Amino acid sequence: MSSEKVKRSVAGSHNPTRWGSIWQGVASRPLARHGLFAVIVAAAVLVFSYEVGAYTDYELTGVAIFAIAAAGLTVLTGVNGQISLGHGALMAVGAYTTALLLEWHSNLLMILVMAVSVAVTAITGLFFGVAAARLRGPYLAGVTLTLALALPQLALHFSSIFAGEQGIPINPPAAPGWLGVNFSLEQWLAWVAVAAALVTLVLLANLLRSWVGRALRAVRDDEVAAMLAGIHVGRTRVIAFVISAACAGLAGSLFAYWLGLAAPGGFSVILSLQLLIAIVIGGLGSLVGAVWGALFLILLPNLTGSLATAFNLPSSISNNLPQAIFGAVLVLAVLAFPRGIQGGLTRLGGVGLARWRQRRPLRGSG
Amino acid sequence: MHTLLVLTVEGLVQGSIYAAVALALVLIWRATKVINFAQGAMAMFTTYVALVAFQHGLSYWFAFAIAIVCGFALGAVVERVLVRPVEVASPFNVVLLTLGLYLFLEAVVPMIFGGSIESFPPALAITGMELGKTQVPLSGFDLFTFGCLGAALVLLTFLFRGTNLGLRMRASAFSPEVSRLLGIRVGRMLTTGWALAAALGALAGVLIAPTVLLQPTYMDEVFIFGFTGAIMGGLESLWGSVVGGLVIGLVLTFVGYISPDLETLAGLFILTAILMVRPQGLFSLHHERRV
Amino acid sequence: MLEVSGLSVAYGQVLALDQVSLSVPEGSIIAVLGANGAGKTTLLRTISGLVRCRAGSIRLAGTEITRLAPEAVARLGVAHVPEGQGVITELTVEENLRLGSLARRGGNPKQDLDEAYDLFPALEPRRALPAGSLSGGERQMLAIARGLAARPRLLLLDEPSLGLAGQVLAQIMAKLRVLVTAGALTVLLIEQNARSALSVADSALVLSLGQVVGGNQAVQLQSDAELLGAYLGF
Chain A
1 MSSEKVKRSV
11 AGSHNPTRWG
21 SIWQGVASRP
31 LARHGLFAVI
41 VAAAVLVFSY
51 EVGAYTDYEL
61 TGVAIFAIAA
71 AGLTVLTGVN
81 GQISLGHGAL
91 MAVGAYTTAL
101 LLEWHSNLLM
111 ILVMAVSVAV
121 TAITGLFFGV
131 AAARLRGPYL
141 AGVTLTLALA
151 LPQLALHFSS
161 IFAGEQGIPI
171 NPPAAPGWLG
181 VNFSLEQWLA
191 WVAVAAALVT
201 LVLLANLLRS
211 WVGRALRAVR
221 DDEVAAMLAG
231 IHVGRTRVIA
241 FVISAACAGL
251 AGSLFAYWLG
261 LAAPGGFSVI
271 LSLQLLIAIV
281 IGGLGSLVGA
291 VWGALFLILL
301 PNLTGSLATA
311 FNLPSSISNN
321 LPQAIFGAVL
331 VLAVLAFPRG
341 IQGGLTRLGG
351 VGLARWRQRR
361 PLRGSG
Chain B
1001 MHTLLVLTVE
1011 GLVQGSIYAA
1021 VALALVLIWR
1031 ATKVINFAQG
1041 AMAMFTTYVA
1051 LVAFQHGLSY
1061 WFAFAIAIVC
1071 GFALGAVVER
1081 VLVRPVEVAS
1091 PFNVVLLTLG
1101 LYLFLEAVVP
1111 MIFGGSIESF
1121 PPALAITGME
1131 LGKTQVPLSG
1141 FDLFTFGCLG
1151 AALVLLTFLF
1161 RGTNLGLRMR
1171 ASAFSPEVSR
1181 LLGIRVGRML
1191 TTGWALAAAL
1201 GALAGVLIAP
1211 TVLLQPTYMD
1221 EVFIFGFTGA
1231 IMGGLESLWG
1241 SVVGGLVIGL
1251 VLTFVGYISP
1261 DLETLAGLFI
1271 LTAILMVRPQ
1281 GLFSLHHERR
1291 V
Chain C
2001 MLEVSGLSVA
2011 YGQVLALDQV
2021 SLSVPEGSII
2031 AVLGANGAGK
2041 TTLLRTISGL
2051 VRCRAGSIRL
2061 AGTEITRLAP
2071 EAVARLGVAH
2081 VPEGQGVITE
2091 LTVEENLRLG
2101 SLARRGGNPK
2111 QDLDEAYDLF
2121 PALEPRRALP
2131 AGSLSGGERQ
2141 MLAIARGLAA
2151 RPRLLLLDEP
2161 SLGLAGQVLA
2171 QIMAKLRVLV
2181 TAGALTVLLI
2191 EQNARSALSV
2201 ADSALVLSLG
2211 QVVGGNQAVQ
2221 LQSDAELLGA
2231 YLGF
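So the sequences go chain by chain: A, B and C.
Just so we're aligned: 290 in this note's numbering is position 290 of the first sequence, and the numbers increase by one with no gaps anywhere.
In this note's numbering, each number is its position in the second sequence, counted from 1, plus 1000.
In this note's numbering, each number is its position in the third sequence, counted from 1, plus 2000.
In short, the hints are calculated from the structure, not lab data.
Be careful, since some hints might not be right.
What the hints assert, rightly or not - Among the chain B residues that face chain C by a calculated CB cut under 7 angstroms, a handful are:
(1) V1006
(2) N1164
(3) L1165
(4) G1166
(5) F1174
(6) S1175
(7) R1180
(8) L1181
(9) L1182
(10) G1183
(11) R1185
The structure presented is a predicted model; accordingly, all values stated were derived computationally and were not measured.
Note that the Cβ used here is the ideal one computed from N, Cα and C, for glycine as well.
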C-alpha cells in the first residue's frame, strides 16, 4: 500500500468537526462510554421517578438492589464459573451490618454505613472464597447452600446482638435538606439505590473489560491453560468471590433500608436461588442480563398478584406462583440449552445485535 | 449417663435418616455423576402425598407404601424427562436443573395441598419402651427407623452384588459405553437408579416427618446433612455413606444439646472441613478427588 | 455375514470414512489394515452402533442394522471388543464374563463361564479379582473371552495385538481360528500391525484416510502382497 494511501487513511479517520472528535474519544474509551451511558440512564430514571408514585419508586429500588447483587453474582458465576447458592447469606451480612451500625448511631451518614457494610461483607467473602477456592461444581454448590441455611441461624443463636427472629428495625433514610422537607422517602431511596447500581455496573463493566476480566474468564474456560498462561487460579477465584461479596454487601445494605428490617426470615435459601435465576435469565455472564433478571424478579410477583386478583385465586396459589414459575423457568432454560446456558440467551439477542452493528461500520476502520 | 444414652439413640435415629438421604445421593451420583439437589424436595412431595392418603382414611402403612411407590415413580420420571436430555458433561447445568426442580416442587406443594402446616402421624409409639423395670430411651418408632435403614441397606447390597440387574447397573455406572456394547440398555439402568434413589429419599422423608412440623421446607436441612454424610463417605460406597450419615447424626445431636440453633452451622463447618482436607471422603480408598 | 456399502462418517467437518464398502463372508477372518487415523476404529464403532453414519448401509446377515443403537446391535449377535479400555476395571473378572454371557438371549451363565475358563485358563485363578489388577495381556484375553461369552455371530476386534506379546496373541488367534473353522464365528479385526494380522486373517483390505485403497466400490478384498507392500512399506 502506497505511503500516500496510508497517510490519507490515518488523516481521514479524524472527523474534522470538534464534536465528532469528542465522540470519537468517548466511543473508544470503555470507561467513558459506560459512564456516559450510565449518566443517560440516571437522567431518565430521575425524570421517571417524578412521574410515578411511591409504590413504583419502591419497586424501582428493589430492581436496583437485585441488579447490584445479580451483577456481583454474574462476575462470580457467569464470568468466573463458580456456582454459589449462598449469596443471599452474604446479603444478610451486609444488611445486618447496616442494621447494627444504625442501631449504634442512628444518624450515621448513609454512604458511610453502606461503605462499611460492603467492607464487612467483602471480608466475609474473602474468608469464604479462600475456604472454597479449591471446590468445584456440585461441591461448591453444596457448601454454599449450607452457608445459606446456616448463617441465618447465627442471628437466632446470638439473639441478644441480632435480635433473633423479629430482627432489627431500620428507619428509612431521610432525604437531604436541600431537596425539601416533604421529599418522598421512597423516591430518595430509589435515587440512592439506582445511583449505587449504576456506579456498580459501570465499575464492573470496566473491570470485566480489563485484564482482571480476562483472567476470570480464562480460569472459567480452562484452568490448566490459564495456569500455564501464568494466571494464579486460586487467587483469581478468591478475587471473584470478594467482588461478588462486596456487591452482595451493598445490595444487602440497601435491602435493609428498603425493607426497614434485618431479620433472618428475609434471607432464606430462596433469596440465593432468586439471584441465580436472575443471572440465568440474563444469559449468565452478561451484566445487562443481570439487570433484566432483576426486573424479572421484581415484576413477576406483581404480574401473578394481578392475575390472582383477576381470577380470584386463593392465596396459597398466588403466594407460591412466582416461585413455581421461577423454578419452571430455570428447568426450561436448562432444557432449552442442554449444552450449556452460558451465553445461550444472550446469543439469541447477540445475533441480532451483531447484525445491527454490521450495518454501521466503525469510523476510522479501513 | 442417661443423657448420653438418650443423645446417642437420638443421634443414631437422626443419623439413619441422613444415611438414607446419603444413600440416595450416592446412588444417583454413581449412576449419573450428578448431585440431585432436588432430592429433599422430592421426598417432601411424596410425604405430602402420603399425608393426604392418610387423611382420607387409609392406614398409616398404606400411606407409607404409597410414599415409597410415589418416590420410585417420581425418580423415574425426573430422570427420563429432565435429566436424560441434559448433557451431564456440563455439571453446572444439572445443578441448575435440580435446583429449578427444587424451587418448583416447594412452590407447587402448597399450591396443591394448601399452605397450612400439618403434623404427620408416627408409625408406632414414639415414647420410650419399657424393658423389664427400666425405661429405655428407645421407642418403637426408633427401632422401626433403624429397621428401615437396615432393610434398605441389605436390599441394596443384595441387589448390587447378587443380581444380574445390579450387575448391569454397576456396569452402566462404571463404563456406559462398554456396557452398551454388551447389550445393556444403559438408559433403563440409569432410570432404575434414580427411581431407587428417590424411593430411598421418600423413605427418609416419611420417617422424619412425625418428629418435625410438616411444611414445604422441612427437608432442606435433612438434605444438607445427608449430603454431608454422603461426602464424608466418599460418594462411591453405599456403606460409607451410611456411616457418614450416622456420624453426622450423632455429632449434630450432641452439638444441638450443647447449643441449639447451631446445628446447621456445625454441619457447615464439618462439610467445609472435609472438602478442604480430604475431599474424597473419610472412607474412600480412592485417589484424590478433584472437587 | 456383514455387508457394508457406501459408508460415510463425519466428525463435524472432518470426513473419517468416505464411501467405504466391504464384505465379510461367514466363517472367515477379515483384517482391515491402515495407519493411525485411517479410520479403522471409526469403521468398527459405526458397525457396532456407537457412531452414526452420514450415509451408507450396514447389513448383518441380511438385516439392516445401520441406525440401530449399540445395545440393539449387540443383542443381534455382534460383539465389539474395543481397543484398550475393553474391560470394566471396577468389576471382577467373573463379573465381566458374566456380563458377556448376559448379553445373549437364553444364556446359561455357568456354562458360558466354564467355557471361557477353558478357552483362557489363565483367567480362572483370577476370577474374583478386580479386572483392573490384570496385566495388559490378561485384560485383552478377558475382553475377548467376554465378547465370546455372548456367543456372537460377528466378533469385532480393535487392535488385538496392542500390548500383547506375540506368542500370547498367536494363542488367542489360534483359539479364534478354531471357532471360526467350526462355523460358529466370523471375525473382523483391525490392526496397525500388518504382519501379525496377515498371519491370522484370510484376507485383508487397507484403509487410508477414510477410503478403501484400491477402489472405493464394493468388495476389493485382496491378500496381494505387492499392493500391501506398496502401502505398508514392506
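The hints, checked one at a time:
1. V1006: violated, 42 angstroms
2. N1164: Nearest chain C Cβ about 6 angstroms off; hint holds.
3. L1165: violated, 10 angstroms
4. G1166: Given a least distance of 10 angstroms, the restraint on G1166/B is violated.
5. F1174: holds, 5 angstroms
6. S1175: Hint holds; S1175/B Cβ to chain C Cβ min 5 angstroms, cut 7 angstroms.
7. R1180: Hint holds; R1180/B Cβ to chain C Cβ min 4 angstroms, cut 7 angstroms.
8. L1181: Holds: closest Cβ of chain C sits about 5 angstroms from L1181/B, inside 7 angstroms.
9. L1182: Because about 5 angstroms separates L1182/B from the closest Cβ in chain C, which is inside the 7 angstroms limit, the hint holds.
10. G1183: With a minimum Cβ separation of about 4 angstroms from chain C (threshold 7 angstroms), the hint on G1183/B holds.
11. R1185: holds, 5 angstroms
In this structure, the earlier hints numbered 1, 3, 4 are contradicted, and the remaining ones agree with it.
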